[in-house]
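Between the sequences and the hints, there should be enough to build the whole structure, so can you do that?
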Amino acid sequence: MSTANAKAPAPVIPPSIPASLDPAHCRAAVGDEPMIFHCHHYNTFLQQSIQDAEYIDSRRFLVGAANEVAFGQLSKLFREEDITDVSERARMAETLFQWAGFGRVDLSGLTDKGGVVETPHSHYSHAWKVKMGEADAPVDFFTTGWLSGALAAIHDKPQGWYSSEQTHCIAVGAEQNRYELSATGEPDFDLYKTPGMGPLTDHKPRPIPESPVDYEGIFTALTGMEIVGDETGSIPAFGVYLTRHYANYYNRISFEFSRELERCFGEEGVSVAEPLLVEAGHVCAFNTFGGIMISPEWDALIKPQLKTQEDWVHGMVAAVNALGWGRWQVTSLSPDEAVFAIHDDYEAVGYIANYGEAAYPVSFLAKGAALGIMNLVYLGDVHEKPTFTPEFYQRLFKSNDSYEAEVLENRAGGDEVTAFRVFRR
Amino acid sequence: MTSVYNIVMWVKRSGGVKSIDRLRVKLLPRAMKEGIYFSKVTPSTSCSPEFLVALKATASAVVGKPCP
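Chains as they are written, first to last, in this note's numbering: chain A, 1 to 425; chain B, 1 to 68.
Hints are all accurate, no fakes.
Restricting the straight-line Cα-Cα distance to at most 30 Å, the calculated cross-link-like pairs of lysine-lysine (DSBU-like) are: (1) B:Lys40 - B:Lys12; (2) B:Lys56 - A:Lys129; (3) A:Lys131 - B:Lys65; (4) B:Lys40 - A:Lys398; (5) A:Lys129 - B:Lys65; (6) A:Lys113 - A:Lys76; (7) B:Lys65 - A:Lys398; (8) A:Lys131 - B:Lys12; (9) A:Lys303 - A:Lys204; (10) B:Lys12 - A:Lys129; (11) B:Lys56 - A:Lys398; (12) B:Lys12 - A:Lys385; (13) B:Lys56 - A:Lys131; (14) B:Lys12 - A:Lys398.
To give an idea of the interface, some chain B residues facing chain A are shown, with a C-beta separation under 7 Å as derived from the structure: (15) Val17; (16) Lys18; (17) Asp21; (18) Arg22; (19) Arg24; (20) Val25; (21) Lys26; (22) Leu28; (23) Pro29; (24) Met32.
Don't read these hints as lab results, they were simulated from the structure.
Backbone N, C-alpha and C define an ideal beta-carbon position, used for all residues, glycine too.
Printed below as a string of C-alpha cells:
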C-alpha cells in the first residue's frame with residue numbers, strides 16, 4: 001500500500017485569542033469581558049481573606065463568579081467568531097484558559113452530560129501552595145466555576161446547567177487537580193449575569209505635573225508585549241505569576257464578600273471587609289509593581305526617562321495604564337502627598353453595573369495600589385532595587401512613616417472619577 | 001494574656017500587616033455577639049471566658065506563634 005499520495009495530518013494550530021485593546025479607556029477585552037493583569041499574590045490573598053469569613057458560604061459566589069464570566073465570554077465569542085462545532089469551541093476555551101495564565105485544561109473528556117477534567121497545571125492551586133503552604137481543602141474555586149460556565153456555553157445550555165466540584169487539589173497534596181461536572185440543571189452555586197464592559201465614560205484627562213515620562217510610548221510598548229501563558233498555562237513575569245484575569249470576577253467576589261458582611265453585621269461588617277480588600281491592593285502593588293520596577297524591561301524601557309523620584313511615580317502610573325485597570329493619573333505629587341485620579345477604575349465601573357450607585361467608596365484595590373506606589377518609591381527606595389521580603393513588606397506598610405489615603409472623589413457614588421489623596425502619616 | 005486589649009495589642013505588635021484584620025474577620029460574629037468592636041477595644045473591654053479562649057486561639061493562628 002502506497003502512502004505517497006496520502007496527506008499528512010493537518011498540524012494542530014491553536015485558535016488565536018481575539019483580544020481587543022481600547023486605548024481611550026485603557027482597557028482590554030476578550031468577548032466583551034474586560035481582562036486585567038493581576039498576580040498570584042493578589043489572587044490568593046484575596047481568596048484567603050474571603051475564606052477567613054468561615055461563617056458565610058463564599059463557595060457559592062467564588063464558583064458562581066467564575067461561571068458567570070466564562071459563560072458570558074465564551075457564549076459571546078462563539079457567536080462573534082461563528083464557532084458552532086463543539087470540539088472547535090472546546091479548543092477555543094482550552095486556548096483561552098492557557099493564554100490567560102490559569103493553567104491547562106483538556107476538555108476532551110467532557111460531553112453534554114458532563115464528565116471529568118484532570119490537570120497538573122492550575123494557577124490557583126500552585127499559587128496557593130507556593131504562597132500559603134498546604135491547604136486543608138481544594139482551593140481552585142475559579143477553575144471549578146469556569147469549567148461549568150465554559151461547558152454550558154460550548155453545548156448551548158443554560159448558564160447554570162452544570163454543577164461542578166473539585167475533588168482533588170494539588171494544594172492539598174494531590175498529584176493533579178480533578179473536577180467533576182454533572183448536567184443536573186441545578187447549579188450548586190449562585191448564578192450571576194455578567195455586566196460585560198460596564199458603563200464607561202468619555203475620559204477627560206486632567207492636567208498633571210510636568211514629567212519626562214512618555215505615557216503614550218510606555219502604554220504602547222507594554223500593551224504590545226506578548227505576555228501570555230506558556231506550555232503549562234503559566235505567565236512567569238516580573239518575579240510573579242501573572243494572570244490575564246476577569247475584572248468582573250474580582251468585582252463579583254469582592255463585592256459579594258463585603259455586601260454579605262454588611263448584610264449580616266451592618267457597618268461593622270463593611271469596616272471589617274474594607275481593610276482586607278485594601279490590603280489585597282498593597283499585596284498587589286508590593287509584588288507586581290515592585291517586580292515591574294526592578295525588572296530588566298523597566299530598566300530598558302522606562303528607567304532611562306526617570307531623573308527624580310517623582311518621575312518613578314509617573315513611570316509606574318504609566319505602566320499601570322497598560323494593566324487594563326482604567327486610566328490612572330497622578331495630578332499632584334510631592335514626597336509628602338499625591339493625588340491619584342482614576343478614570344473608569346474597574347472596581348467602580350463594575351459596582352455600578354452590578355449593583356447601581358454605591359453608598360460608600362468601593363475602589364479598594366485602587367486605594368491599596370496608590371498607597372503601594374508611594375510607599376515603594378518614597379519609603380522603599382525601589383530605585384535601589386531592594387529585595388522583596390516579608391520584612392520589607394512590613395516596613396513599607398506598617399511603619400509610622402507609611403502613607404495613608406483618603407477618598408476625594410468616588411466614581412461609584414456618582415463622581416466623574418475616583419480620586420485619592422495619599423499622604424504621610 | 002487574659003484581656004481582649006492585651007491580646008489585640010499583641011497581635012498588632014507581633015503579627016504581619018494583615019494579622020489584625022484577619023483576626024477581626026474570623027471572629028466577627030462572636031465579637032458582635034459579645035458587643036465587642038475591635039477598633040474600639042480599650043484596657044477595660046471585657047468578654048466571656050469562651051470568647052477569650054477563641055480570641056487567644058485565633059490570635060495564635062493568624063500570627064503563627066502561640067499567644068502568651
